[in-house]
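So the protein lines, in turn, are chains G and W.
Taken in order, the first sequence gives residues 1 to 278; the numbers are from this note's numbering.
Taken in order, the second sequence gives residues 1 to 122; the numbers are from this note's numbering.
Among the hints, erroneous ones may be present.
Cβ-Cβ distance ranges computed for the label pairs, FRET-style [what the hints assert, rightly or not]: (1) Arg51(G) with Pro108(W): 26 to 36 Å; (2) Asp109(W) with Ile211(G): 11 to 21 Å; (3) Ala42(W) with Arg96(G): 52 to 62 Å; (4) Gly254(G) with Pro56(W): 50 to 60 Å.
Honestly, the hints are just simulated from the structure, not real lab data.
Even for Gly, the Cβ is constructed at its ideal location relative to N, Cα and C.
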Amino acid sequence: MNFLLALARDRAALAIEPGQEYLLSCRLAGVANQHKLASVEALVARLRMGRADALAQDTVDALTTNETSFFRDIHPYDALATQILPDLMARRRAARQLTIWCAACSSGQEPYSVAMTIRERVPELLTWRLRIIATDVSQAMVDRTRAGVFTQAEVNRGLPARMLTKYLSQQGTEWQVRPEVRGMIEVQRTNLVEPQPMTGCDLVLLRNVLIYFDAAGKRRVLDRVTRALAPDGLLMVGVSETLFDDRYDFRVVGRTYVYSPKGTAAAPALRGASQEKP
Amino acid sequence: MRALVIDDSKSMRLIVKRQLVTLGFDVVEAIHGRDGLAKLEADATIAVALVDWNMPEMNGLEFVQAVRADPRYQNLPMVMVTTEAESERVVQALDAGASEYVMKPFTPDDLRSKLELLALVP
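Given the sequences, and given the hints that come with them, work out the whole structure.
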């Protein structure tokens, strides 16, 4: 493990915090699989032999993607505000209840971006029974998300300056999400490959997560997520990920792919969204 | 797309310029706010200004205020790029008319993300 930490530090100037080590093996399983190595241990053994530049680079890339950011890729948040949330609300108007699950939330930028999007652009939801559940496999990440404290470097990326001053307060060199926004998020520790306690989620954000799993792992995670979704719930994955799973239909909202379990009521609700690739 | 980079530090102008060129911009440089106003006046194709705060002659905040007061530049995107990292300063810049705010030090991805927010990069 020290070897991997040194590699991350030397090759990518990336500091892995104590408590994040678990993430490494999780992330590197995909790299090992891609390079036809049996395990993360085999990957480390190969790296130690040297002369494995491509493998070393892929390893570092996998490690550095631990980075997340506020409003990552931006357009999924536009899709949320303009179509996905309004469509879900139209279907839930009787119950006035909506549950959003940010799976693998890392240090929390995603769930807080969702919360800020709702406050700014879909404020009616604040009068509903709204749950935003953020989970991560790492206890350190769970704690960080719950605290909602971000460094200057973290708020410098992706977060509109107007939202920075409106929704975060400065404490020395760090910024903390204000209590009214923190209070919108429930944070839990969850391993995505294990059975999920969540059920009835209307929307699951599983962005930039599946890429770290091999085919079998992907299937397991998708099984868990599908069970957590309401029958007509929606799933969003990362912009660079495409879900090839015959259990799901997809729609394109702007530049964002939204998936729904096949044969459910979700598809008509996104009528008007194109099936064509952008 | 053309960007105006205003900073009294030559090395900082170079850093910002390199990042902008990578993103497909061509760059006009200015060494302080007054020089920036002149460059803006001389080139109608400038589509965005990136402005340091602390500079001689005319500082970045004064530049932003002067540009916004001119009806020709009501919609010109302006990004403050500065070591000023106090919340009050960010508010002050936004109130003066800055469109976005980047705190030094910053990475290419930070700058890119702010330009994406302003729909200046795809």
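Taking the hints in turn, this is what the structure says about them:
Between Arg51(G) and Pro108(W) the beta carbon distance is about 30 Å. The supplied range of 26 to 36 Å therefore holds. Checking the proposed 11 to 21 Å range against Asp109(W) and Ile211(G) shows it holds: the Cβ atoms sit about 18 Å from each other. With their beta carbons about 57 Å apart, Ala42(W) and Arg96(G) fall inside the hinted range of 52 to 62 Å. Taken as a hint, the range 50 to 60 Å is violated for the pair Gly254(G) and Pro56(W), whose Cβ atoms sit roughly 45 Å apart.
Hint violations for this structure: number 4 only, all remaining hints satisfied.
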